[in-house]
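These protein sequence lines are chains V and C, in that order. Take the first sequence: its position 10, counting from 1, is numbered 10 in the numbering used here, and each next residue is one higher. Here the numbering used here = 1-based position in the second sequence + 292.
Keep in mind that the hints were calculated from the coordinates and are not lab data. Because the structure is a prediction, the values reported are computed rather than measured. Treat the hints with caution; some may be incorrect.
[To be verified] Pulled a few chain C residues facing chain V out of the computed Cβ check, cut under 8 Å:
#1 Gly354
#2 Tyr377
#3 Asn382
#4 Thr383
#5 Phe385
#6 Ala389
#7 Phe402
#8 Arg530
[Unchecked claim] Label-pair distances were calculated between CB atoms; the ranges are:
#9 V:Glu187 <-> C:Gly624: 48 to 54 Å
#10 V:Lys145 <-> C:Phe317: 46 to 52 Å
#11 C:Glu413 <-> V:Glu187: 55 to 61 Å
#12 C:Thr363 <-> V:Leu113: 28 to 34 Å
#13 V:Ala99 <-> C:Thr363: 43 to 49 Å
#14 V:Val87 <-> C:Glu358: 54 to 60 Å
#15 C:Thr374 <-> V:Trp29: 56 to 62 Å
#16 C:Glu545 <-> V:Glu187: 44 to 50 Å
#17 C:Gly373 <-> V:Ile147: 39 to 45 Å
#18 V:Glu152 <-> C:Thr360: 46 to 52 Å
#19 V:Thr104 <-> C:Gly373: 48 to 54 Å
#20 C:Phe609 <-> V:Tyr20: 55 to 61 Å
Backbone N, C-alpha and C fix where the C-beta goes; we use that ideal spot for every residue, glycine too.
Spelled out, the chains give:
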Amino acid sequence: MTARSALATKADRRRRLVPYALLAPGMLWLLVFYVVPMFRLAITSLQEGSLEQGYQFTGNLDSYASVFTTYLPQLRNSLMFAFGATVIGLLIAYPLAYAIAFYTSRWKSLFLLLILVPLLVPFLLRTLAWRVILADQGVVVTALKTIGLLPENGRLLSTGWAILAGLVYNYLAFMALPIYVSLDKIEPSLLEAANDLYASPWTAFRKVTLPMSMPGVISGTLLTFIPAAGDYVNVELLGNRNWTMMGNVIQSKFLVIIDYPAAAAISFTLMAIIVTMVVLYVRKVGTEELLT
Amino acid sequence: MTDRPNSAAGGGSPAVELVDLTKAFGDFVAVDGLTLDIDENRFFAIIGPSGCGKTTTLRMIGGFEEPTGGTIRLHGEDVTGTKPYQRPVNTVFQSYALFPHLSIFENVAFGLRRQGVEKGEVNRRVNEMLDLVHLAETAKRKPRQLSGGQRQRVALARALVNHPRLLLLDEPLGALDLKLRKEMQLELKRIQQEVGITFVHVTHDQEEAMTMADSIAVMRDGRIERMGEPVEIYDDPRTRFVAGFLGASNLMEGQVSGTDGVTVAGGHTFYVGADKLGGVTGSIHVGVRPEKIHLTHTDSDPGHANQLKGAVTDSSFIGVSTHYLVQTDAAGELTVVVQNLGAERFAPGDQVILSWDPDHTFVVAS
Numbered sequence: 001m002t003a004r005s006a007l008a009t010k011a012d013r014r015r016r017l018v019p020y021a022l023l024a025p026g027m028l029w030l031l032v033f034y035v036v037p038m039f040r041l042a043i044t045s046l047q048e049g050s051l052e053q054g055y056q057f058t059g060n061l062d063s064y065a066s067v068f069t070t071y072l073p074q075l076r077n078s079l080m081f082a083f084g085a086t087v088i089g090l091l092i093a094y095p096l097a098y099a100i101a102f103y104t105s106r107w108k109s110l111f112l113l114l115i116l117v118p119l120l121v122p123f124l125l126r127t128l129a130w131r132v133i134l135a136d137q138g139v140v141v142t143a144l145k146t147i148g149l150l151p152e153n154g155r156l157l158s159t160g161w162a163i164l165a166g167l168v169y170n171y172l173a174f175m176a177l178p179i180y181v182s183l184d185k186i187e188p189s190l191l192e193a194a195n196d197l198y199a200s201p202w203t204a205f206r207k208v209t210l211p212m213s214m215p216g217v218i219s220g221t222l223l224t225f226i227p228a229a230g231d232y233v234n235v236e237l238l239g240n241r242n243w244t245m246m247g248n249v250i251q252s253k254f255l256v257i258i259d260y261p262a263a264a265a266i267s268f269t270l271m272a273i274i275v276t277m278v279v280l281y282v283r284k285v286g287t288e289e290l291l292t
Numbered sequence: 293m294t295d296r297p298n299s300a301a302g303g304g305s306p307a308v309e310l311v312d313l314t315k316a317f318g319d320f321v322a323v324d325g326l327t328l329d330i331d332e333n334r335f336f337a338i339i340g341p342s343g344c345g346k347t348t349t350l351r352m353i354g355g356f357e358e359p360t361g362g363t364i365r366l367h368g369e370d371v372t373g374t375k376p377y378q379r380p381v382n383t384v385f386q387s388y389a390l391f392p393h394l395s396i397f398e399n400v401a402f403g404l405r406r407q408g409v410e411k412g413e414v415n416r417r418v419n420e421m422l423d424l425v426h427l428a429e430t431a432k433r434k435p436r437q438l439s440g441g442q443r444q445r446v447a448l449a450r451a452l453v454n455h456p457r458l459l460l461l462d463e464p465l466g467a468l469d470l471k472l473r474k475e476m477q478l479e480l481k482r483i484q485q486e487v488g489i490t491f492v493h494v495t496h497d498q499e500e501a502m503t504m505a506d507s508i509a510v511m512r513d514g515r516i517e518r519m520g521e522p523v524e525i526y527d528d529p530r531t532r533f534v535a536g537f538l539g540a541s542n543l544m545e546g547q548v549s550g551t552d553g554v555t556v557a558g559g560h561t562f563y564v565g566a567d568k569l570g571g572v573t574g575s576i577h578v579g580v581r582p583e584k585i586h587l588t589h590t591d592s593d594p595g596h597a598n599q600l601k602g603a604v605t606d607s608s609f610i611g612v613s614t615h616y617l618v619q620t621d622a623a624g625e626l627t628v629v630v631q632n633l634g635a636e637r638f639a640p641g642d643q644v645i646l647s648w649d650p651d652h653t654f655v656v657a658s
């Protein structure tokens, strides 16, 4: 009797440990490669000094202030481009995902594969390809000039439009796939039920399809906005100096100027701003859908 | 029954009139020139095996499927070609199709809100309807928090709250277990009588249809094979298909002899009402339902005009009844169902006499 119950408690205890065992590798990874560097970065951001003389911890907040004194235009650019890329990406990806989910029964996998194909090409190469597409003598510029949307001496490369195009393109798959997944889960009978209950196709879309696809929309917009706000490659390759973003500032502080405290402080500020916006956004658009 | 070929009896104008309704999917004709009237306030069931066109017919009445030919009139108004949201019809879907992102209250309120019903009125009617289906306490929950039977009742409430003059039910009880299904059958029947609207119910379950419906149409290959009240078509199925689909039957092949008899292969003659033969001659099948056969030992009086000798080959006790297989010389193996009233029992090997009333004998074309 006692031997059996002792055995049972032992088995119970082992079962209770399973979730922790499954979590352990991921937690360890995050601890070593995320929490520790973040902590060190936080300390660095409060230091003063130079590469030659070494850095001292002084609790100096000047580096933080510099974001709002010196780098406000770059911050504005980051948020503006990330927001623009998210909106345009959503406008392109939603109809695309909708069409794949509801109108392509036989070719569904093929279309999904086509969305993923660009991701097989390295990020840098993909972005470089847009230099060719948007080149001054390229097809796009010539076509836009012909129909009069671009003046005779107009160009696309090295403009804000090129950065926006690059950002939209690079993150489109991350927008389209989550939306597709949530749309694909919607049973056609739900739309028939809405029609049966006096909803026109447009009303059925607003009242059933759209709310049911919100988890995908939220995921997709976050997966676009967050990396786009920190992006620096698209400005580097497609834009010009007037449009530098926070990512470019951080990159040059870390790797060119080698001012670690400033780089760390700017990184933290950008992170805080993005996290705040994300929290506000998710609370506004619907937390409940995310949890289901 | 009226004298129209496919008409469920009743007064007033028909709730549903289908005229030569046809639906083809490519080469496959799902519904083939169907003509049918369903009168108001009836509980009308369409039954048949899968692929017989019953669901397609229902979907065309609801507007989810465009007919390839023919006309649909609801309460005298031609609705052919109109959209589902333009029809005064509501549907209870097979999978319930409840909106997972909305509460039970909002699911039921959906149709009223789309019609622009005033807010206080929406609250009143939704609560009233949730009371009717005994779900008032679930109003705030989401569909996934409800059991199958509760979801089914929400689907019903969501349709009925709109006070449609016609309610379509597409295998509404198919996903429920047997006990719950039996309960819901009675519940549905009660609600139909309470709200007094026309129900058109599609099912493949003949027992469910007979339990609930006032009239039944048996469909086969896109056409109506037999239509009438449950008792009427059960007792006189008229075709082999209907006899086999609606309950169990003993069918024996034979030749018409005289005006009211059928002689089977073994040389034995059964009496059939002359009205049932209706003057046909030649080869025909004669049938009798297993529970209509009276089983007696050879030494006692069988009591009915149609008689056969046989030997019990198998018996299985079901609880309310016992099912026997009896091998007869004249007509092969027959199934007999005897109510367990405490009367005599038979064991395999017993010599017995099977007898039944000529009124309980039916004939179907060969």
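To see whether the hints hold, each was checked on the structure:
no.	hint	result
1	Gly354	holds, 6 Å
2	Tyr377	holds, 5 Å
3	Asn382	holds, 6 Å
4	Thr383	holds, 5 Å
5	Phe385	holds, 5 Å
6	Ala389	holds, 4 Å
7	Phe402	holds, 5 Å
8	Arg530	violated, 35 Å
9	V:Glu187 <-> C:Gly624: 48 to 54 Å	holds, 49 Å
10	V:Lys145 <-> C:Phe317: 46 to 52 Å	holds, 51 Å
11	C:Glu413 <-> V:Glu187: 55 to 61 Å	violated, 30 Å
12	C:Thr363 <-> V:Leu113: 28 to 34 Å	violated, 46 Å
13	V:Ala99 <-> C:Thr363: 43 to 49 Å	violated, 35 Å
14	V:Val87 <-> C:Glu358: 54 to 60 Å	violated, 38 Å
15	C:Thr374 <-> V:Trp29: 56 to 62 Å	holds, 60 Å
16	C:Glu545 <-> V:Glu187: 44 to 50 Å	holds, 48 Å
17	C:Gly373 <-> V:Ile147: 39 to 45 Å	holds, 42 Å
18	V:Glu152 <-> C:Thr360: 46 to 52 Å	violated, 58 Å
19	V:Thr104 <-> C:Gly373: 48 to 54 Å	violated, 27 Å
20	C:Phe609 <-> V:Tyr20: 55 to 61 Å	holds, 56 Å
Checked against the numbered hints given earlier, this structure breaks hints 8, 11, 12, 13, 14, 18, 19; the rest are met.
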